[in-house]
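Number of protein chains: 2
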Amino acid sequence: MLKTQITDLLSIRYPIFQGGMAWIADGTLAAAVSEGGGLGIISAMNADGAYLRGQIALARRLTDRPFGVNIMLMSPYADEVAQIAAEEGVAVVTTGAGSPVRFMPAWTDAGIRVIPVVASVSMAVMCARAGAAAVIAEGQESGGHIGEATTMALVPQVVDAVDIPVLAAGGIADGRGLAAALMLGAQGVQMGTRFLAAAECGVHPNYKLMVLGAADTSTIVTGRRFGGSACRQIKNSFSRNFSKFEFSADATAEAVAERGVGALRRAALDGDTKEGCFLAGQIAGLVKKEQPAAEILREVAEQAESLLKGTTQWIV
Amino acid sequence: MLKTQITDLLSIRYPIFQGGMAWIADGTLAAAVSEGGGLGIISAMNADGAYLRGQIALARRLTDRPFGVNIMLMSPYADEVAQIAAEEGVAVVTTGAGSPVRFMPAWTDAGIRVIPVVASVSMAVMCARAGAAAVIAEGQESGGHIGEATTMALVPQVVDAVDIPVLAAGGIADGRGLAAALMLGAQGVQMGTRFLAAAECGVHPNYKLMVLGAADTSTIVTGRRFGGSACRQIKNSFSRNFSKFEFSADATAEAVAERGVGALRRAALDGDTKEGCFLAGQIAGLVKKEQPAAEILREVAEQAESLLKGTTQWIV
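Chains C and U supply the protein sequences, listed in that same order. Note that the working numbering has the first sequence beginning at 1, numbered continuously upward. Note that the working numbering has the second sequence beginning at 1, numbered continuously upward.
Everything labelled a hint here was simulated from the structure, so no lab data went into it. Each hint should be verified, as a subset may be incorrect.
[Said to hold, decoys possible] Pairs of lysine-lysine residues, derived as BS3-like cross-links and limited to a Cα-Cα distance of at most 27 angstroms, are as follows:
no.	chain 1	residue 1	chain 2	residue 2
1	U	Lys3	U	Lys309
2	C	Lys274	C	Lys235
3	U	Lys288	C	Lys309
4	U	Lys309	C	Lys3
5	C	Lys244	U	Lys244
6	C	Lys309	U	Lys244
7	C	Lys274	C	Lys288
8	C	Lys208	C	Lys244
9	C	Lys274	C	Lys208
10	C	Lys274	C	Lys289
11	U	Lys288	U	Lys235
12	C	Lys309	C	Lys3
For clarity, every value in this text was computed on a predicted model and none was experimentally measured.
Can you make the complete structure from the sequences, with help from the hints?
In structure tokens:
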């Protein structure tokens, strides 16, 4: 059995979070991950409070174990869903796409462990000062909205800068990644792409096929030209056209943003392999099959444990 | 003491290569690294054969231990320096910026271990088939010319694809990075940025100050617009102007390439902090002081060894 500051802090079996992927991470997936011994996370995405309440209720019907909610801070419903997370008293709130500082008193007063996703040392330090229980240092190899620093570079720099536990995210899909993250100073990991292929993940089957078919060079980052909205996804017709438009002479920040509207929904719900935007990390190339979430967790943890036990092979 | 397939293969004390940085990695630095127990590497850069012969002779006066030569395959002198490497019978040739396949028979006939730097699984497989003794899987967090995949994502995917030893490069500057690389399946690492701050590194003092002053967000990648020349460097006036020009309406691939000419020389030789191009990796934020190469090697290896011995803390 693996034991870290994160398994202790949250009383979970494995130091593994499931990323709060918008349009994908619902109550069913989160419950399956938590029931399997990790920390499942429901994405509040851009939906209203009723959606989040429904997903929390669903997860609670499926598991007695702790789970989390991810709040996208640029959601138009951010205030509403932040309030609901506090009222519902979920075990953990993770945050992305901005600074969670203004919501933190309400969450910590409700006894919630706040664990923001951060892409830089400065954001990690700010969150630690504001009362975060831990931070998730997410490298740009992750799927979805990303920063610039990679996991290998970011994690040790964040570990050196804060006194709270750090989880690593980005580029991690197996026990090698988990063991490597621990060596970098992390106390756990968050995986998104691997859980896209969980049996309990209700995303359109074509999305899973895109992930299972990906290689090391299958992702591309769009949204870099105008800053602030860099987004990693699997290369397809949508991403090619988006990139071409983004760097065309008449592109504006507004026109580029407009072009992205609905694309994630077309991927996750409709399985539109041409016009959908299939967010996934560079580690998709390691994800080879659909498996129950509990099996993914066990496999990752057992591989990491075996590697950690075998380190004497390197020493003479 | 650490022992891996790479320490065995090359009869070196530490599984640590020093990156073959153009304008920086000369015979003096390479000899200091090899004398310290790692594998020092001389960059043949864009110079002619006489330069390389001189640096090899210099290194041989300074150390009896094995060292390597890095051949930049797009150098106008690539054929000449490739031939000289074979004639001189250096222990190792590393290659970058292209496919080394056409030179490999000459090198392997000369008993040289050929260890190409690769940025993708497909290039790793091609090099393995052509007779490479190992490959260096280099993530895009590295300084200088880079690919797309990050170290965390690339290394395990390359390890799964080839039967030869893999070294990890990119984002590694201390023992945490080395231990993490071993967990990912690598048999050693290559570090560039950390050795920029070696006492024996003859780069202009301003270059070292730029590295020592860097934080996690201090680098930027230029050269992505027209493909094939993405280049990570420390943000300064040069990089800002270059980026702005690159994405301007009238930029062409030729004009962009032209604008880069001489910039690395202005950094490494002249220490021109405004108009020089200071290549460095994202891990520069971890590099805090100038130290002799031997001390760097010992410190990195001892920290990794300590982490590898301490893994039982994670297991209950």
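How the hints compare with the structure:
{"no.": "1", "hint": "Lys3/U x Lys309/U", "result": "holds, 13 angstroms"}
{"no.": "2", "hint": "Lys274/C x Lys235/C", "result": "holds, 10 angstroms"}
{"no.": "3", "hint": "Lys288/U x Lys309/C", "result": "violated, 32 angstroms"}
{"no.": "4", "hint": "Lys309/U x Lys3/C", "result": "holds, 16 angstroms"}
{"no.": "5", "hint": "Lys244/C x Lys244/U", "result": "holds, 18 angstroms"}
{"no.": "6", "hint": "Lys309/C x Lys244/U", "result": "violated, 50 angstroms"}
{"no.": "7", "hint": "Lys274/C x Lys288/C", "result": "holds, 22 angstroms"}
{"no.": "8", "hint": "Lys208/C x Lys244/C", "result": "holds, 26 angstroms"}
{"no.": "9", "hint": "Lys274/C x Lys208/C", "result": "holds, 15 angstroms"}
{"no.": "10", "hint": "Lys274/C x Lys289/C", "result": "holds, 22 angstroms"}
{"no.": "11", "hint": "Lys288/U x Lys235/U", "result": "holds, 18 angstroms"}
{"no.": "12", "hint": "Lys309/C x Lys3/C", "result": "holds, 13 angstroms"}
When held up to the earlier numbered hints, the structure conflicts with 3 and 6 and fits the remainder.
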